[in-house]
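Start from the sequences, fold in the hints, and give me the full structure.
In terms of our numbering, the sequence shown opens at residue 8 and continues consecutively.
Careful, some of the hints might be misleading.
For each label pair, taking beta carbons as the anchor points, the in silico distance ranges come out as [to be verified]:
#, residue 1, residue 2, range
1, 68, 379, 52 to 60 Å
2, 211, 96, 20 to 28 Å
3, 421, 221, 19 to 27 Å
4, 154, 361, 28 to 36 Å
5, 225, 50, 42 to 50 Å
6, 361, 152, 28 to 36 Å
7, 193, 68, 46 to 54 Å
8, 496, 152, 28 to 36 Å
9, 379, 496, 19 to 27 Å
10, 519, 444, 37 to 45 Å
11, 151, 225, 48 to 56 Å
Since the hints were derived computationally from the structure, they do not count as laboratory data.
Every residue, glycine too, gets a C-beta built ideally from N, C-alpha and C.
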Amino acid sequence: MLERFPSRLPFFRRVKPLAALLLGLSSIACTPLLPSRTFHAPGAPVGRVSATLVPAPGVRAGGPHLVTFGLPLPPESLTRSGLSTVRILRDGVEIPAHVDELTPYRDITDPERSGRWVRVARIQLTHTFQTSPPAPESVVVEWGSSERTRDVAELVEPRRGFHSVTGGSFAPEDLVTEPEVYVVLPKAFLSQGALRTPFVPLDDRVGEEMDPPALLHGRRLPWPLVYDFAQKNYFYGLLNEPVGDNPYRTNLDNNGEAWLYDRASAMFVLYLRGGSARVLREAVRASVFYERLLVLARQHRGDPSAKASPLGAFFSWRKPRPDPKDAAKEPAWDPKYSYAECLALTHWLTGDPRILDKLDAVIAAFEDVPSRWSPAYAPVRKSTGERLREAWTERHVAFKLLAATIAFELRGREEDRARVVRIVEDLLWHQDQSRPGGFFARAGEVVDGGLYHFGTQHDPDEAGEELVASPWMSALLVDAMVRVHSSWDDPRIARFIVRMGTMLAAASKVRSQPDGSRLVTPDYLIRADGSTHTDHDGAAHAADVMGALAWADAFARLLGEPDPRFRRVVLGSPGLYETFAGEVFQRPDDWMLRPYRRYAWMFRTSAAFSFALGAR
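Written as structure tokens, this is what we have:
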């Protein structure tokens, strides 16, 4: 149940209308809400939803086409035995369909809850479009009302309904395949939180198509509409529309960095908020391409002669740095490019099991990433004595935890559950080193909440022997812990997120600009005493830090300990949202964010901020 509060949130600077598209904008009434314990919508034991069948580009024949998709449901909606009530209706008439359970809801600590409710039901049917070339058509998915009478007992391998992508964002030589028919669900249904955290759906004034960059250039919109327009339009910049070279195939030149922070999952997040067929298609294509470029290799941390770790999945476009000095300090392969979330989302939305073939290897890619911090942890290259890069960072541990959590959600194995518990316990212990008697507290004044570590462990080229934390990397970790909390109702996890918010609020400082204005930007690195270690790129990280602070605000309210600092840092003037708004709509001719990886770091983890703060 969502708890309501009477106060309202502000909206930012009023501006000139954006032609007829945006005429008549009014303030958005936003009443703070408290997320439910599991972040999901109430169960729906009886329900129906419209599903749009969209032919992929290049599909010319009307059919028949094999169509497979996942139906994500809130918990307490459907049991496994209730799958027999899932029916597909076309023009009010039931059509033949296969239905099975793709994934149940699982609980980290309560076996009684695990497996009780269907999280994603897989549906497969055969469809012939009524026109040629085919145009989108709709069916209705219904559950809980009556038994399915036209059951198809056997599942056909879903990739028998795939075809090769020969144009658009990928070329034939990229060897990408995709469903011949995509199934698109409504944004209000997708945003309930079954596949990720809940979201406030994209505002209805935000259309699916790309807006001309000049239309929004230099404009400011009310809160939170600017975020919605930015998330939608900068997606097209990922595809390099409306200008030339496609970064999907050119980013070998920039070391594959466009795929950092999970490019495909960032697209899926937009789909879950907007329900766009184009976005779903590009997210699936990106995931299939990414999975193909995951190579299986053994990591040698330090020296080639060192004992190799288990076979892991590493992104093959992430090559060692070209500078020999840097390359000497790099691991052979880089686990911060190894992601499970995009593979899981593809599996859940298309019903394809083969996309998960490398899941075990993705988990193994983090074998050499320690979750238990130690002040003595300082691996060096034995042959030179040089410290290795990124011996311990919040970013690496965040992706390790996220991969482990998703593996548990998908499979529910005891080894997956134990891995999640171990990582979380390590992080809770690390954060507690700021409490009286802890390692950080003994070192002097300390701002609570940060996972401090020595600068030489973070990056010997960026920081020295001081204790530091990275606010923007911590935002990645908050995102992972929020996901953990959805399957592990432990108040320590909620408190971890709130305490992390304490550090993030301290790191978000008001800074005077050359033009005399004042902006709130997060430190790039913060010292344990709260002072700034490094402050470059702060404005570029306003969105991700804002998203983490929004969750800190939500969990503080969940614990009955609201802290007004969190909302003030995000929504104040100056505040992080205002800084974010000033960073977007700056170019009149394209929607490209630079560097290419920026879209994923800005939008993948922050898109639930309006839900966490209570917008509706």
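> Quick one: are residue 496 and residue 152 within 28 to 36 Å, going by C-beta?
Replying inline: Between residue 496 and residue 152, where Cβ atoms are some 31 Å apart, the hint holds.
>> 28 to 36 Å was suggested as the range; check whether the CB atoms of residue 154 and residue 361 agree with it.
In response: For residue 154 and residue 361 the Cβ distance comes to about 31 Å; the hint holds.
> Do the beta carbons of residue 151 and residue 225 sit within 48 to 56 Å of each other?
Replying inline: Once the Cβ atoms are compared, 50 Å apart, the range 48 to 56 Å for residue 225 and residue 151 holds.
>> Within 52 to 60 Å: is that where the Cβ-Cβ distance between residue 68 and residue 379 falls?
In response: holds (56 Å)
> Per the hint of 42 to 50 Å, is the separation of the Cβ atoms of residue 225 and residue 50 within bounds?
Replying inline: holds (46 Å)
> Could one say that the CB atoms of residue 421 and residue 221 fall in the range 19 to 27 Å?
Replying inline: Given a distance of about 56 Å, which is not inside 19 to 27 Å, the answer is violated.
> Range hint 28 to 36 Å: satisfied by the CB atoms of residue 361 and residue 152?
Replying inline: Taking Cβ atoms as reference, residue 361 and residue 152 lie about 33 Å apart, which means the hint holds.
> Is the gap between the beta carbons of residue 519 and residue 444 within 37 to 45 Å?
Replying inline: holds (39 Å)
> Honestly, do residue 379 and residue 496 meet the 19 to 27 Å range at C-beta?
Replying inline: holds (24 Å)
> Does the Cβ-Cβ separation between residue 211 and residue 96 fall within 20 to 28 Å?
Replying inline: At roughly 26 Å between Cβ atoms, residue 96 and residue 211 fall inside 20 to 28 Å, so the hint holds.
> In this structure, is the beta-carbon distance linking residue 193 and residue 68 contained in 46 to 54 Å?
Replying inline: Since residue 193 and residue 68 have Cβ atoms about 27 Å apart, the given range 46 to 54 Å is violated.
Violated hints for the displayed structure, listed by number in ascending order: 3, 7.
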